[in-house]
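A.B. asks: The whole structure should be built from the sequences, with the hints applied where relevant.
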Amino acid sequence: MRAEVISTHRGGVWSWLFQRITAVLLIVCLAIHLIFTHILNIGELDSANVAARLANAGLTAVDIILLAAGIYHALNGLRMVLMDYWFTSRTRALTLTIVLWVVGLAFMGYGTWALWPWIS
Amino acid sequence: MSAKPRETANVGAGLWKATGMWAWLLFRISGLILVLYLGAHIIVTSMGQFDKFDGLMEFFDKPVMVLLDLALVVAVLYHALNGVRIILMDFGVGIQRHKVVFWSAMAVVVICFAIFAWVAFTYIITGEGVTS
Amino acid sequence: MPDIKFRVKRQDPGDKKNPEAHWEEYIVHYEGDNLTVLEGLFYIQEKYDGGLSFRYCCRASICGSCGMYINGAYRLACQTNVKHLDTDLITVAPMPHLPLVKDLVVDMDEFFAKYEYIMPWLIRHSSDPEKELIQSPKERKKIDMPVDCILCGCCYSSCPSAWGEDNYLGPAALLKAHRFEVDSRDEGGKERIARWNNERGVYRCHTIMNCVEACPKELNPTEGIQWLKRAAVRRKLLGKAK
Amino acid sequence: MIHHDVIVVGGGLSGLRAAIEAKRAGVDVAILSQVHPGRSHSGQAQGGINAALGNHPDGRDDNREKHAFDTVKGGDFLVDQDCAVQMAEDAPRVIYEMDHWGCPFSRFEDGTIAQRPFGGAGFPRCCYGADKTGHYLLHTLVEQAYRLQVKMYVEQYVASLIVHEGVCQGVVAYDMIRGGFEAFTANAVVIATGGAGRTYSNTTNSLISTGCGMFMAYHAGVPLKDMEFVQFHPTGLYTTQILMTEGARGEGGYLINDKGERFMEKYAPKFMELAPRDITARSIQIEINEGRGIGGKGYVHLDLRHLGAEKILERLPGIRDLAIHFEGVDPIEEPIPVVPSQHYWMGGIDTDVNGATVMPGLYAAGECACVSVHGANRLGGNSLLETIVFGRRAGAEVVRYLETLTDRRPNARSAFAAAQMMEQKVEELGVREGKENAYELRAVMTEVMKDHFFLFRDEAAMREGLERLLQVKERVKNINLRWTGSVFNVDMIRTVELEGMVDLALCVAVGALERQESRGAHFRTDYNTRDDLNWLKHTLAYYQPDAAGPRLDSKPVTLGHFELQERKY
Ligand SMILES: Cc1cc2nc3c(=O)[nH]c(=O)nc-3n(C[C@H](O)[C@H](O)[C@H](O)COP(=O)(O)OP(=O)(O)OC[C@H]3O[C@@H](n4cnc5c(N)ncnc54)[C@H](O)[C@@H]3O)c2cc1C
Ligand code: HEM
Ligand code: SF4
Ligand code: F3S
Ligand code: FES
Chain E
0 MRAEVISTHR GGVWSWLFQR ITAVLLIVCL AIHLIFTHIL NIGELDSANV
50 AARLANAGLT AVDIILLAAG IYHALNGLRM VLMDYWFTSR TRALTLTIVL
100 WVVGLAFMGY GTWALWPWIS
Chain C
0 MSAKPRETAN VGAGLWKATG MWAWLLFRIS GLILVLYLGA HIIVTSMGQF
50 DKFDGLMEFF DKPVMVLLDL ALVVAVLYHA LNGVRIILMD FGVGIQRHKV
100 VFWSAMAVVV ICFAIFAWVA FTYIITGEGV TS
Chain R
0 MPDIKFRVKR QDPGDKKNPE AHWEEYIVHY EGDNLTVLEG LFYIQEKYDG
50 GLSFRYCCRA SICGSCGMYI NGAYRLACQT NVKHLDTDLI TVAPMPHLPL
100 VKDLVVDMDE FFAKYEYIMP WLIRHSSDPE KELIQSPKER KKIDMPVDCI
150 LCGCCYSSCP SAWGEDNYLG PAALLKAHRF EVDSRDEGGK ERIARWNNER
200 GVYRCHTIMN CVEACPKELN PTEGIQWLKR AAVRRKLLGK AK
Chain X
0 MIHHDVIVVG GGLSGLRAAI EAKRAGVDVA ILSQVHPGRS HSGQAQGGIN
50 AALGNHPDGR DDNREKHAFD TVKGGDFLVD QDCAVQMAED APRVIYEMDH
100 WGCPFSRFED GTIAQRPFGG AGFPRCCYGA DKTGHYLLHT LVEQAYRLQV
150 KMYVEQYVAS LIVHEGVCQG VVAYDMIRGG FEAFTANAVV IATGGAGRTY
200 SNTTNSLIST GCGMFMAYHA GVPLKDMEFV QFHPTGLYTT QILMTEGARG
250 EGGYLINDKG ERFMEKYAPK FMELAPRDIT ARSIQIEINE GRGIGGKGYV
300 HLDLRHLGAE KILERLPGIR DLAIHFEGVD PIEEPIPVVP SQHYWMGGID
350 TDVNGATVMP GLYAAGECAC VSVHGANRLG GNSLLETIVF GRRAGAEVVR
400 YLETLTDRRP NARSAFAAAQ MMEQKVEELG VREGKENAYE LRAVMTEVMK
450 DHFFLFRDEA AMREGLERLL QVKERVKNIN LRWTGSVFNV DMIRTVELEG
500 MVDLALCVAV GALERQESRG AHFRTDYNTR DDLNWLKHTL AYYQPDAAGP
550 RLDSKPVTLG HFELQERKY
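Chains as they are written, first to last, in numbering that gives the first Met the number 0: chain E, 0 to 119; chain C, 0 to 131; chain R, 0 to 241; chain X, 0 to 568.
Calculated from the structure, these hints are not laboratory results.
Fair warning: this is a prediction, and the values are worked out from it, not measured in the lab.
Please note: incorrect hints may appear among the correct ones.
Below are the DSS-like pairs computed for lysine-lysine, each with C-alpha atoms no more than 30 Å apart in a straight line [claimed, not checked]:
| id | chain 1 | residue 1 | chain 2 | residue 2 |
| --- | --- | --- | --- | --- |
| 1 | X | K567 | X | K536 |
| 2 | R | K46 | X | K424 |
| 3 | R | K82 | C | K16 |
| 4 | R | K82 | R | K8 |
| 5 | R | K8 | C | K16 |
| 6 | X | K296 | R | K82 |
Here are the computed distance ranges between Cβ atoms for each label pair [as the list claims (entries may be wrong)]:
| id | chain 1 | residue 1 | chain 2 | residue 2 | range |
| --- | --- | --- | --- | --- | --- |
| 7 | X | E332 | R | A112 | 42 to 50 Å |
| 8 | R | A112 | X | E402 | 29 to 37 Å |
| 9 | C | F90 | X | E313 | 22 to 30 Å |
A virtual CB, placed ideally from N, CA and C, is assigned to each residue, including glycine.
C.D. replies: Structure, rendered in structure tokens:
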């Protein structure tokens, strides 16, 4: 019976929960980010402008949270989608998860590195 | 017979006519678009490291790009508000009347989008931001 | 008295000569002002084609045999009065996205395998009292909705998460899990939770709501599934079983 | 060929309960059922199941003795009293067991199982789960069967018994999903295939209640008991005969005629609407026959409106749905048009109190069996009880029987031959030259039963009916099968069934003609009183392969617990 395939899967509550938590973080931080970066500064985005904004510690924190939450949410979301289609078995799902974690951490590092010169 | 013509069994909407189905499909698509965008966004932002940032920004300030930006805003808004609906349902809110909640969320999408569009078109037409 | 046209999707995969799906049309004649789709199918079987296969049993919308895709929606054939479809063309197809046996009969083996998999029975560890287990009306009310499920499979067929080669447990099985998890008499939290609290269980539900739309008993499997998700979180964070 | 120690035919309440009992004793048991067990006819039962639990405030004085007495009196004293006592005795225990297994009974405020008044009972003793009691009970047992890993062969239509030297050794079944006949051998077979309501055209029964088990046993030489006693329920929906449970009256519903009278006053002043079913059904029919049906038509009203929306929604939600979907009437706003309809088969395979038949290795339980706890008229809520009590007893008895066996190897040759015979039979049906149409004949038969063997019976009408049935039996031989495909051949099943159903109909007809008295559900206008001197006995019908009808015999009724008395309500 194919139903038995399911029995190899365990857990999932954390990824589900963090998807929600990051979503809530995202909606708050994204609103701030969009308003400050895009609405208020439309057409005037340049490095000076961004630097000025990021000099504000609060807004920097927002961007860092945004980065972390965004990456987690995006990649976990991607994982959820992919697990519906091909990554159904336990082994495939596990491989996918590991790969995505690596990609995620890499992006996180890269993104922080990218933000660094603005902040310092 | 005293029988009044009456709606019988639950005559659900059927597969491709159901609101929830489209809501989910669009949600999934918008999510994927956002994933791609996020990747691009991080890379673009990192250009600050290579002193290409301002050049890129000028490129993005072109009206065409602003229109594309608007499309992105739709995706974000849709995803965000439908996401809120989903989180509400996770708390057990609105499961009985998910369609009502969905359309309310869509109304918020439209309102937010109108604001964004106003800002954007002001810029496209006048070349200036609303705040400046 | 009135005539009505039935368009029925026919397919006999075992028929060497014509294994493909095709539509056939029949005129069904009836008297009085009531004809259910199931009666129409019997009429076709009796008058035109004895080879038409479909499931039936109670003809009173309680056994769950006759779930079909009628005029583009999930319905129980026995519960659907043609008069209420407001059309003179009735299209009848088997429930989509399930393996076909013949004509309107689909293979439900996997549906029941998944049902069995989530341990749909009351699990008890303490010894039973001499009399009944006390359950207040308030506690009983919590299972009002899920106990009415007739296992017709409409929701399972309608759920995109369960389509294809996916092993998603599906709304019906999860609703059953909910039915027992909320039952005040059940003590099986520990055993059962691993069955549904996983990536092929509740987390594969993306709250698409097709199941709610499809259920001919007007149940709400999503409500049960969401309850389970919350229960899992509660258990993880607070260590509380119920 | 597949072998199991015990094969249970039928996945209704009785079959499941028997299988569970045997399985719990460690026996290898398999269920064969025409539909998934969870779809069995039992799931349609609405009202409730009787047991003297004494949970109801008005029922504190209730006890098992009184339950047994009500049963015996309700059955017009044709009940085997020791069996009725046994059933009432077992009742509370099996109900508590169902509760421990998770059956979602409705509850009283104090958390005990809720009970409601039911027809013919002196106390409110009918345990219920809203108006879907059968559905809840059935699903509970299905769940237990899954838990115990009872092997279930689903969608296997059992067509005949394998009998070797007078001992039952298995069954032959048609695999509806894969096609073809297969022999299932066993050391014991329990038949639990339910009633034969579909021999009547106006029945509340499900479409598969065709009495397969009864005629299989009958054809194998086992006698059928008390077949002339067929219960007619007072309240089936006017157009579809879908049941409106007795619980609707138990909750306080009225029966109203065209003049707006609660006419039950005339017929059962004390019990009113809650008189036993035979009496209530006849009263309704008299009203209709005398022109007091609503608008002069053939139905009366079941009025629930005064109960109020809240009570209807809580206690009778299923009834409301059925009335809306199938009759277009919302009981909260309108009265429901109802007619008496065939409902229950009191007769059946003759068994003892443990489900054993005269044939070694063959057992029966549930509606297809006649232990005789219902006698001439079953009380509402007693048949669900019967299925569980006697299913359990049959399961236990089978285990005892297996222990007595020394040779456990069934005869393979007999089994093979039996399967081959079925195959040939169907093949022959397909190539037969006949021009009769199975559906037409079925319609004729069911109409005859409705017209001639319904609530009121008399010699002349029944003779005519019998004549017509014999004609049908003759014509059945010329049926040819129109579709011979192997997978899910409903056409074939319905054709094969018909032959047996005609035999059952003949048992009813012959038995009813023979019994010159009125007792319970069997009411003759030409002999309208009970005659204990000549007729306080069970009828037995034996199959005669060479004759059209059955050979009748009789058997005494077991008395000894309760005095005979006139039946007044
Ligand atoms: C509408 C309605 C309401 C009722 N309400 C009540 C009530 O409130 N209270 C009460 O006490 N009683 C009630 N009854 C009566 C009661 O439901 C039945 O008597 C009882 O359910 C019979 O159960 P069973 O197990 O004997 O058979 P069933 O439930 O009829 O089961 C028969 C089983 O046998 C199988 N089967 C049949 N033929 C074959 C074959 N040839 N091969 C393989 N399998 C076969 C079927 O698939 C099925 O699984 C009601 C009956 C009806 C019709
Ligand atoms: C703005 C606030 C956001 C909210 C409230 C939000 C909310 C959610 C929620 C609740 C889910 C889970 C859906 C489920 O479990 O079925 C989800 C999934 C997802 N999100 Fe977001 N999200 C937001 C922003 C984003 C962003 C910025 C991205 C991309 C970078 C993104 C990408 C995704 C993806 C790919 C999925 C998976 C979609 C699917 O399974 O169909 N989301 N989102
Ligand atoms: S939840 Fe509804 S649709 Fe799904 S199996 Fe149960 S009754 Fe059918
Ligand atoms: S359709 Fe499927 S995804 Fe969830 S809400 Fe229903 S189970
Ligand atoms: S035949 Fe039972 S639900 Fe339709």
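A.B. asks: All hints are to be evaluated individually against the structure, with a verdict given for each.
C.D. replies: For each hint, the structure was consulted:
no.	hint	verdict
1	X:K567 with X:K536	holds, 21 Å
2	R:K46 with X:K424	holds, 24 Å
3	R:K82 with C:K16	holds, 22 Å
4	R:K82 with R:K8	holds, 21 Å
5	R:K8 with C:K16	holds, 20 Å
6	X:K296 with R:K82	holds, 23 Å
7	X:E332 with R:A112: 42 to 50 Å	holds, 44 Å
8	R:A112 with X:E402: 29 to 37 Å	holds, 34 Å
9	C:F90 with X:E313: 22 to 30 Å	holds, 28 Å
In terms of the numbered hints stated before, the structure departs from none.
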